[in-house]
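Colleague: Chain order of the listed sequences is A and B. Under the working numbering, the first residue of the first sequence carries the number 1, and numbering increases by one thereafter. Under the working numbering, the first residue of the second sequence carries the number 145, and numbering increases by one thereafter.
The hints are simulated quantities; they were obtained by calculation from the structure and are not laboratory data. A few of these clues could be false.
[As the list claims (entries may be wrong)] Keeping only pairs whose Cα atoms sit at most 20 Å apart, straight-line, the calculated SDA-like set for lysine to any residue is: (1) A:K130 x B:Y189; (2) A:K130 x A:N70; (3) A:K45 x B:L276; (4) B:K377 x A:R39; (5) B:K171 x A:K130.
[To be verified] Computed spacing ranges between beta-carbons, pair by pair: (6) B:A205 x A:E141: 52 to 62 Å; (7) A:P33 x B:V306: 24 to 34 Å; (8) A:N70 x B:A205: 17 to 27 Å; (9) A:C97 x B:A396: 33 to 43 Å; (10) B:S395 x A:P33: 11 to 21 Å; (11) A:P33 x B:L390: 39 to 49 Å; (12) B:L268 x A:N70: 33 to 43 Å; (13) A:V129 x B:L268: 55 to 65 Å; (14) B:S373 x A:L25: 15 to 25 Å; (15) A:W28 x B:L424: 31 to 41 Å.
[As the list claims (entries may be wrong)] Every beta carbon over 12 Å from chain A, so not counted as near; a handful from chain B, in silico: (16) T173; (17) V180; (18) P183; (19) L185; (20) Q186; (21) P187; (22) E198; (23) F279; (24) D295; (25) M309; (26) V331; (27) V336; (28) L343; (29) L382; (30) A420.
All residues carry an ideal CB built from backbone N, CA and C; glycine is no exception.
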Amino acid sequence: MRRDAATRSPWILHFDTGSCNGCDLEVWALLTPRYDVERFGMVNKANPKHADILLITGPVTRKAEERLVNLYNQTPEPKLVIACGDCASNGVPFFDCYNVCGGVDKVIPVDMYVPGCSCRPEAIMDAVVKGIELWKRKAQEERS
Amino acid sequence: MTDIMTALALTVLGPLSVGLLLGVDRKLTARMQNRVGPPILQPFYDLIKLFGKERRADNQAQISYAAACLLLQMVAFIIFATGGDLLVAFFVSGAGNLALALGAFSSRSAFGQIGGQRELLQVLAYEPVLFLVIFMLGWWNGSFLSDSYSDNLLGVMILVLVAMMPVVLIVMQKSPFDIATAHQEIVSGVYVEYSGTYLGILELAHWFELAFIFAVMTLFYNDDDVVLSIAIKVAIVLAFVFFAILIDNSSARLTRWDMIKLTLLIGIGLVSVNMAAIWLHTEGVF
Ligand code: SF4
């Protein structure tokens, strides 16, 4: 029951590691009446200590690197990291910039990648709903 | 004293019905914003999830304060449920709020500090009003024991009941009075440094606190017919929750000083007018 309840209540932290704001807008669109992710129990908590799922947008700039690691470490287990958009997935089109680390997975472990520039809200929602399965497994592994 | 089974049932049913009420609150809020909204049982899912998460705290003091907060709020509600003294329950619940503020102060986080200070300001704003309401109940009834109420007080003390509105808004963390937990400003203030199980403990404490506040409001109607009595008690609570949601969705957050001024003005004002009306009536003026 515990696991089942957990998957019905994914709380989100959205962090912009240097995105052009295109993907950010799509993440915010999730909260609007049109997509209304609260029907899956998702709430944007803006606090890593309360979050279960990290939605990261943008290529990780050197400035944001330390902060991203910090936020990741502050999020209690079980947690899930979703890289939203092409930039967050592999750094394009900024992958060889001098001030960019590349994709999010260069800095912290990523569980899911959402493609698109910018990524569609439907795709993010799909990733979160699929990610919940993964999260369930993580929670199970942790207990055993 | 109430018999032990009723007290036990009340102690369990109190927070459970608050959880359900918060679910209805979220659904109604969503509907008012033209959204579908989460299932009614969402607050329970959230709570169970929090208890299943990793246990992590900034320091030991934080854990003790969270536990103290839950314990005090629970005791306050149990005092009510067992037919105990309303004033004692009121002070114990107030001590629970203090523990919540101390828990926020125990971490070095700036948001936590601001949240703690705002929590204390909220207590300063609504506790005098709640105290006056309880005082009026006891004065009219001749006793503060929660199981000694048997009259219908809606007629004589309707304004005293209405004075509870700002109190309900503050305790339910609703706009315009969601000062200590302001999500956009200070990312849930008092709760900011808590996570997982300890956040769950505080959430449960909040349910017990709300249960006590709603329980005080149910004392305003009593009838020999038990079914009618329960129906009207529930209707009073539901009406307050509905108006809280309506106000929440149609107003912006006030500053903390406005909150104190408005709450005290409305609360003390309404209670005084009601008191004056009762006095004039007993003097035979009308
Ligand atoms: S993927 Fe495209 S829209 Fe998203 S942050 Fe990168 S450039 Fe902007």
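Colleague: Quick one: which hint numbers does this structure break? Sort them smallest to largest.
Modeller: 2, 3, 4, 5, 6, 11, 13, 14, 15, 16, 17, 18, 19, 20, 21, 22, 26, 27, 28
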